[in-house]
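Trainee: Next come the chains, spelled out residue by residue.
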Amino acid sequence: MAVQSKSVADTLKKKSGAGSSFTGFAGRRLPIDRRLLSAASVLVVLAIWQWGAGHVSGFILPAPGDVLGRFLDPKWLTRVASAFGQSLVQLGLGFGLTLLVAVPLGIVIGRSRVLTRMFEPVINAIYAIPPVAFVPFLIIWFGLFLQARVALVFLMSVFDVLVIMISGSRDVRKSLLDVGRSFDASHSQRLRLIVFPALMPFLFAALRVGSARAINGMITAELFFAAVNLGAIMKRATQNFDSATVLAVVLLICLLGLAAQSAINALERHLLHWHVRPA
Amino acid sequence: MSRLRDLALPCLGFALLLAAWEIAGRVLGGALLAPPTSVAVQFVEQLGRGEMLRELSGSLRQMAIGFAAACVVGMPLGALMGRSGVADAIFRPWVSMLVVTSTAALIPLFILLLGTGLMLRVTIVFLASVWYITLTTYNGARGISAQQIAVARSFSAGPWQIFWKVTMPALYPYLLTGARIGLVHAIRAMVLAEMFVIIGYGGLMHRAGLAIDTAPLLGLLVTLMIVSLALNALLGAAGRRLAPWYEQQRVSA
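Protein chains in written order, with our numbering: chain C, 1 to 279; chain L, 1001 to 1253.
Bound conformation, chain C alone:
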C-alpha cells in the first residue's frame, strides 16, 4: 500500500515537473534533448533512403542527395526561382481576396444569432463539396490562366477561414461584453476594444489553416489548369521520368508551407503575447 501511494505521489510530482519544461505534456522528462532526437530521426531516415535508393533504379526512387543536388544547379535554380515568384503572386492575390471577403463576412455572420442560424448550414453544405470539383466550372468561367488559378486559391481557402471566423465571433465571452457595457462603453468602443481583440486568436488560427489550404490551391491550380510555373516544371519532369526534380519541387512547396506556418506563429507570439494558445 505504502509503495503504491508513493508511486502516485512520484507520478504527480513528475507530471508537474514535466509541465514546467514542456507544458501540458503527459510523458516523462526525456533523457536526451528532444531536438537532438528529432534531428537524429530525420538524418536516420534520410540515410536509409539514400542507401535504399542506391539499390533501385534512380527514376523510381531518387536519392535525397540527387534531390538536394537539383538546388545546386544554378540554371535550374533561376528557372525555379522565377516560377516560384509567379506562383507566389497568384497565391497572394487569391489568399488576399479570401481574407478580404471571409474575415468581415465571418464576423458579421458570427456576431448575429439570426444570420448564424440562417447561413451556417448553407456554408457547411457547400464546404462539404471538394473544391477541386469546381475546376470544370472555373474553366468555363475564368478560362485556363491567372484568373482561374486565383479563383481556385480563393475557393480552396475561403470556407476554412469563414468557418473559423464565424465560430470565433460567436464565442466572444458575454461576461467581457457585460463588463464593457457596465463601464458605459459605446457600441463602437465595445467592438473596437473587446470584440476585435477577442477575435485576434481566431484570426491567427484562420491564417494558419487558410494559408496551408491556399498553398495547396496554388499548386493544384498550376497542375489542373494550363500547366504553368512550378506546375509546368513538375509536369515536364514527370514526362521525362525525372522524379528527383518532381521531389525537389514538392520539397520547395513543403518548405513554403512550413515557412508560412512558422511566420504566422512568430507574428502571433509577437502581437498576442497576452494570449496563451493551448498547446
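Don't read these hints as lab results, they were simulated from the structure.
All C-beta atoms in this analysis are idealised placements derived from N, C-alpha and C, irrespective of residue type, glycine included.
Be aware that a few hints might be false.
[To be verified] Non-contacting residues of chain C with respect to chain L, defined by C-beta distances greater than 10 Å in every case (computed):
id	residue
1	A53
2	F71
3	F84
4	L100
5	R111
6	V135
7	L146
8	R170
9	R173
10	R181
11	I219
12	L267
[Unchecked claim] For the chain C half of the interface with chain L, some residues (derived, Cβ under 7 Å), not all of them:
id	residue
13	S186
14	N216
15	T220
Assemble chain L onto chain C, guided by the hints.
Mentor: What follows is chain L alone, placed relative to chain C:
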C-alpha cells in the same frame, strides 16, 4: 417559438441560396450556370441512368481502402506520439512536414512510382488523410489528465487496464473527430486524384465539364455534397451510439 425559428432560419438560408442561384442561372444561361430547376430534372435523369451511382460506389470503395489504412496507421501513431516523449520527438518532424505537403503536388510523383491504377488512388487518399487523423489523436492523447491515470494506478490497475479503461475512453472523442476530419480530406483526395488521371467519378466530372450544358456537372456536385454530408453524419451517429459521452466531451473539448 424558438424551436420553430431554429428550423425556419436554416430553411430560409437554403431558400435564399436557391433563389439567388435560380436568378443567376436564368440570367447567365445553362452554358455558364444551370439554374436549380433544370439541375433537378437532369439529376433525376442521371439517377435513372445509373452510370453516376455505379462510378460513385466504385470510387467510394477505393477511397474506403485508403481511409481505413489511414485510420489503422494514424490512430495508434497519434496515441503513441501523445503518450511517449521519445516517439513524439522521433515522428513529429515528419508528421508536421507531411501535413503541410499538398496532396496535389504528390500526384505527379506517385504517377511515376505507381502508375494510374488502384494503388495510386488508395495511396493518395491515405496520404491526404493520415496526418490529420494522427494529429487529432495526438492532441487527444496529450490532453489525458495525469490525475485520471494516477487514480487508476492507485486502484492498482496495470498498464494494460489503464490503456483500455482510461486512455481509450478518453481518446474516443478524438478518434472520432480525427476520423471525421480525415474523411473530409479523403473525399477531397479521391476527387483530386480521379480528376487528375480522368477515371472513376472524378473522370465523370471531368467529362461533364466538357459538355455545353452545366446541369449534369452540377448534378454530380450535388451528389458529392450529399455523400460527404451523409458520411459525416453517419460517423457522428456511430459516435453517439458507441460512446454516449462523445457529444458532451466534444463540447468541452
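Trainee: So, for every hint listed, does it hold in this structure?
Mentor: Checked hints:
1. A53: holds (12 Å)
2. F71: holds (16 Å)
3. F84: holds (13 Å)
4. L100: Label holds. Min Cβ-Cβ 21 Å, cutoff 10 Å.
5. R111: holds (16 Å)
6. V135: violated (7 Å)
7. L146: Non-interface label stands for C/L146: nearest chain L Cβ at 18 Å, farther than 10 Å.
8. R170: holds (14 Å)
9. R173: It holds; C/R173 is separated from chain L by about 16 Å at its closest Cβ, greater than 10 Å.
10. R181: holds (24 Å)
11. I219: violated (5 Å)
12. L267: Given a closest Cβ separation of 17 Å, the condition holds.
13. S186: Check failed: Cβ of C/S186 comes no nearer than 29 Å to chain L, outside 7 Å.
14. N216: holds (4 Å)
15. T220: With Cβ-Cβ at 4 Å, under 7 Å, it holds.
Checked against the numbered hints given earlier, this structure breaks hints 6, 11 and 13; the rest are met.
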